[in-house]
Amino acid sequence: MFDTVKYKTRKMEPGDSFPESLYPEILRGINSFPKVLFYKGDIVTGLFDNCVAVVGSRNMTMYGRTVTRNLVSALCAGGITVVSGFMYGIDATAHASCVEFGGKTVAVMPCGIEMIHPPRQKDLYMDILQNGGLVLSEYDEEFPPCVWTYPRRNRIVAGLCKAVLVVEAGEDSGSLITAGFARKYGRRVMAVPGPVTSLVSAGTLKLIKEGADMVCSAEDLMRLLGHGKGQVIGEHFVETIENNLNKLSTKIISVLGKEPLDISMLSKILEIDIPLLSVEMTNLSLAGVICEREGMYYVS
Amino acid sequence: MLVKINSIAVLGVDVVRVTVEVNIASRGFPSFDIVGLPNKSIAESKERIKTAIQNSGIEFPSSKKITVNLAPAGMPKEGTFYDLAIATGIVCASKGIKPPEDSMFFGELSLDGSLRHTKGAFLAALYLEDIGLRSIFLPLNSANEAAVFTGINVYGLSTMGELVSHITGKMQLAPYKNAAIDTRSKHVSTQDSEVVGQEYAKRALEIAAAGGHNVLLIGSPGVGKTMLARMFSGMLAPLTQQESHEVTKIYSVTGKIPPGGSLITARPFRAPHHTVSYAGFIGGGNPIRPGEISLAHRGVLFMDEFTEFHKDIIEALRQPMEEGKVTITRSSMSVELPCRFLLLAACNPCPCGYLWHHKNKCKCSVPDVERYRKKLSGPILDRIDIVCRMRDFELKSPDQNVLSSHDSHGNNSEIKMVIDRIYAAHKIQEKRFDGVGTVLNSEMTNMQVGLHANLSVEAKVLLNRAVESYGLSARSYFKIVKVARTIADLGGAGDIEPPHIAEALQYKTSTL
Chain B
1 MFDTVKYKTR
11 KMEPGDSFPE
21 SLYPEILRGI
31 NSFPKVLFYK
41 GDIVTGLFDN
51 CVAVVGSRNM
61 TMYGRTVTRN
71 LVSALCAGGI
81 TVVSGFMYGI
91 DATAHASCVE
101 FGGKTVAVMP
111 CGIEMIHPPR
121 QKDLYMDILQ
131 NGGLVLSEYD
141 EEFPPCVWTY
151 PRRNRIVAGL
161 CKAVLVVEAG
171 EDSGSLITAG
181 FARKYGRRVM
191 AVPGPVTSLV
201 SAGTLKLIKE
211 GADMVCSAED
221 LMRLLGHGKG
231 QVIGEHFVET
241 IENNLNKLST
251 KIISVLGKEP
261 LDISMLSKIL
271 EIDIPLLSVE
281 MTNLSLAGVI
291 CEREGMYYVS
Chain U
1 MLVKINSIAV
11 LGVDVVRVTV
21 EVNIASRGFP
31 SFDIVGLPNK
41 SIAESKERIK
51 TAIQNSGIEF
61 PSSKKITVNL
71 APAGMPKEGT
81 FYDLAIATGI
91 VCASKGIKPP
101 EDSMFFGELS
111 LDGSLRHTKG
121 AFLAALYLED
131 IGLRSIFLPL
141 NSANEAAVFT
151 GINVYGLSTM
161 GELVSHITGK
171 MQLAPYKNAA
181 IDTRSKHVST
191 QDSEVVGQEY
201 AKRALEIAAA
211 GGHNVLLIGS
221 PGVGKTMLAR
231 MFSGMLAPLT
241 QQESHEVTKI
251 YSVTGKIPPG
261 GSLITARPFR
271 APHHTVSYAG
281 FIGGGNPIRP
291 GEISLAHRGV
301 LFMDEFTEFH
311 KDIIEALRQP
321 MEEGKVTITR
331 SSMSVELPCR
341 FLLLAACNPC
351 PCGYLWHHKN
361 KCKCSVPDVE
371 RYRKKLSGPI
381 LDRIDIVCRM
391 RDFELKSPDQ
401 NVLSSHDSHG
411 NNSEIKMVID
421 RIYAAHKIQE
431 KRFDGVGTVL
441 NSEMTNMQVG
451 LHANLSVEAK
461 VLLNRAVESY
471 GLSARSYFKI
481 VKVARTIADL
491 GGAGDIEPPH
501 IAEALQYKTS
511 TL
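Protein sequences, first through last, are from chains B and U.
The C-terminal residue of the first sequence carries number 300 in UniProt numbering, and the numbering is unbroken.
The C-terminal residue of the second sequence carries number 512 in UniProt numbering, and the numbering is unbroken.
For reference, chain B alone in the conformation it holds in the complex (with noise of 0.2 Å):
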């Protein structure tokens, strides 16, 4: 059995009233709210009174990755709460992070309260619990996640926040449908744009030319958010290394910085021999300078 018995299952419903009410009000202004919400970890003051979702695709990029935590990272300094449905992509990098920079934040399942679903991120599962963040479901016991459960799912997501940020998505993918509740249930929808070519930005791209405000940075999620310049966390070793940096170092960089590469198509570009290439990058990586992920090296 799961290691969620630990964690007390709780219900709240509209109508409670004693001592105080925990069903957030924000959510009893949709017109089809939950009648009963399920929920492990606790509820603290103030945690559903300013919510923003992070949502995106489940074939997350490295570019979808580096900004949720970019942006995530600005949400947890302007102590906002991030919502997002705990599927893998977009919305576990966004628990992810906010479990990493110490905010808060809320995973809206698709299933009973006592399943975890994806299983395998277990793991993420007990960090936001022990991290006291909250895991809510409207559908008690072990009740199996199915086709439907997803967008009533999202409509929970987009109920409980101010605004919805929708990171990459595909162009008939989950998260326009919390996009089009946010848009129904009168929140702020914004996208991040990303390159016209990568699939997983189609879907955020329509929402920008739909009228969608587009977030290129965190200044502008947290101008949006009425958040004043905001502040980013966790930016600042990267700068003191690129200090030190060679000649070969610094051209890597620049060339990866335009865009991501393999190690082949490096050494045409640079034109220099894998051998001596390969010492560079392994040097960098270790540095943190750049990252590799599945054969691509990416500026971290």
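Hints are computed from structural coordinates only; laboratory data are not their basis.
Every residue, glycine too, gets a C-beta built ideally from N, C-alpha and C.
Where hints are given, some of them may not hold.
[Claimed, not checked] Computed far set for chain U versus chain B, every beta-carbon distance over 12 Å: (1) Pro30; (2) Asn153; (3) Thr254; (4) Lys325; (5) Glu503.
[Unchecked claim] Lysine-lysine pairs mimicking PhoX-like chemistry, simulated, CA-CA at most 20 Å apart: (6) U:Lys311 to U:Lys359; (7) U:Lys374 to U:Lys311; (8) U:Lys359 to B:Lys258; (9) U:Lys416 to U:Lys359; (10) U:Lys40 to U:Lys95; (11) U:Lys50 to B:Lys122.
Here the structure of chain B is known, so what remains is to put chain U in place on it, guided by the hints.
Chain U only, in chain B's frame:
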């Protein structure tokens, strides 16, 4: 009269001595029987022998009772090579001649009395002295295989008649002299080296060839995995004499040496299709025959579409890869076959293959990809030293120097340089492991890594840093040192320096 002729029985790639006893009795009902657990091919030899003797102009004692016993009688026997031994026994027994001493008779007969190329001749000659014999009579077409060995007399026969003339003293056969052994190693043809780009993968294969490291290539369809593999077979150093004997033994037993062929000098390259059966892959059948892994002994086993192979087959690779041999046990016998090969595996990044493709859309969901990758992980990945991810490249404009950087001429000379480096690295390793029993860096045990790796202090510091930041396991640690050792050997360096470690880290297997 009773005549005894020497022969052998093949067990895997080993032999045991067998005595073919032929008795021709005047009393009793005329018959021709072979006993001593012969299989179908030996039982059928009766007709071949009878006809061949008659067609050689020799009288066959049809009116007598002929009994042939293959001793020891309790061991099952297989092979058409008993034809000559049985026929010689019958001729000697019916004519009352004593067959030549210390001689083995080996070969398959044709109905016209001629001798056909027979598999296993190399093996028979190899163990001839071990079983206490000095001469071997075999088909002319197979004589080149046997004549590799000095100190034994090899007689190549084209017909049964020649043998009878020799035995009866009418004509003396001259021992067969080994025709010059074909020592030409396979050279990379221009066509094979026409893999565009993929310098990273080429370097990975260079390291693999130099140190005998197992490699996994991951890439979308069409990036050149198969072409690189083909090129790889030409990059390997030729077999040493000892290795050549080991390989020729296996190929002789399986009948893969052509008529007139001799020692195999080029490293084997086996590319079994992923539908290969378990017995065809590991070895088996009745009698037990070497499978693909043994045919790849001292060479390359290329497993294209690695993930498509049956799970049992991939799992079965574990022990043979560790020990360099496979023991196949059946109720009747147990056979040990050598199989020290270099595994070159290739697969797609995801089930549909286009996960990393710049243009084609991947149709796989994230769990699909994870399930697919799981097939690769675990024990088999532990035995792979180098993982190389091959991305396809986008041709952005005609003047981009992706295609034009090497014309075919330049490319060829580059390949030659690579091959020279590989051979030089082999020499260094030969010196290092002289008398240790290990041949290549990849075969080093953890203790040998400590003895021979020669890590510089700076290299150790770098490696420890990598272990920490990548969270590498102890096994990965040793794999990286081994690969770094090979990289250092390719550069002719004595100690492993930080650049060697840094390059080796590029091929680490831990992040699959």
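These are the hints, each one checked on the structure:
1. No beta-carbon of chain B comes within 12 Å of the beta-carbon of Pro30 of chain U; the shortest separation is about 77 Å.
2. With a least CB separation of 54 Å from chain B, Asn153 of chain U remains clear of the 12 Å interface cut-off, as annotated.
3. Residue-level check passed: Thr254 of chain U sits 39 Å from the nearest beta carbon of chain B, beyond 12 Å.
4. Consistency note on Lys325 of chain U: stated as away from chain B, and its beta-carbon is indeed over 12 Å from all of that chain's, at 35 Å minimum.
5. For Glu503 of chain U, the non-interface assignment is contradicted: its Cβ lies about 4 Å from the closest Cβ of chain B, within the 12 Å cut-off.
6. For the hint pairing Lys311 of chain U with Lys359 of chain U, the CA-to-CA distance comes to about 31 Å; that exceeds 20 Å, so the pair is violated.
7. For the suggested pair Lys374 of chain U and Lys311 of chain U, the alpha carbons sit about 11 Å apart, so the restraint of at most 20 Å is met.
8. A distance of roughly 19 Å separates the Cα atoms of Lys359 of chain U and Lys258 of chain B; the hinted pair therefore holds under the 20 Å criterion.
9. Distance check on the hinted pair: Lys416 of chain U and Lys359 of chain U sit about 34 Å apart at the alpha-carbon level, beyond 20 Å; violated.
10. Using a Cα cut-off of 20 Å, the hinted pair Lys40 of chain U and Lys95 of chain U is violated, with the two alpha carbons roughly 28 Å apart.
11. With a CA separation close to 77 Å, the supplied pair Lys50 of chain U and Lys122 of chain B exceeds the 20 Å bound.
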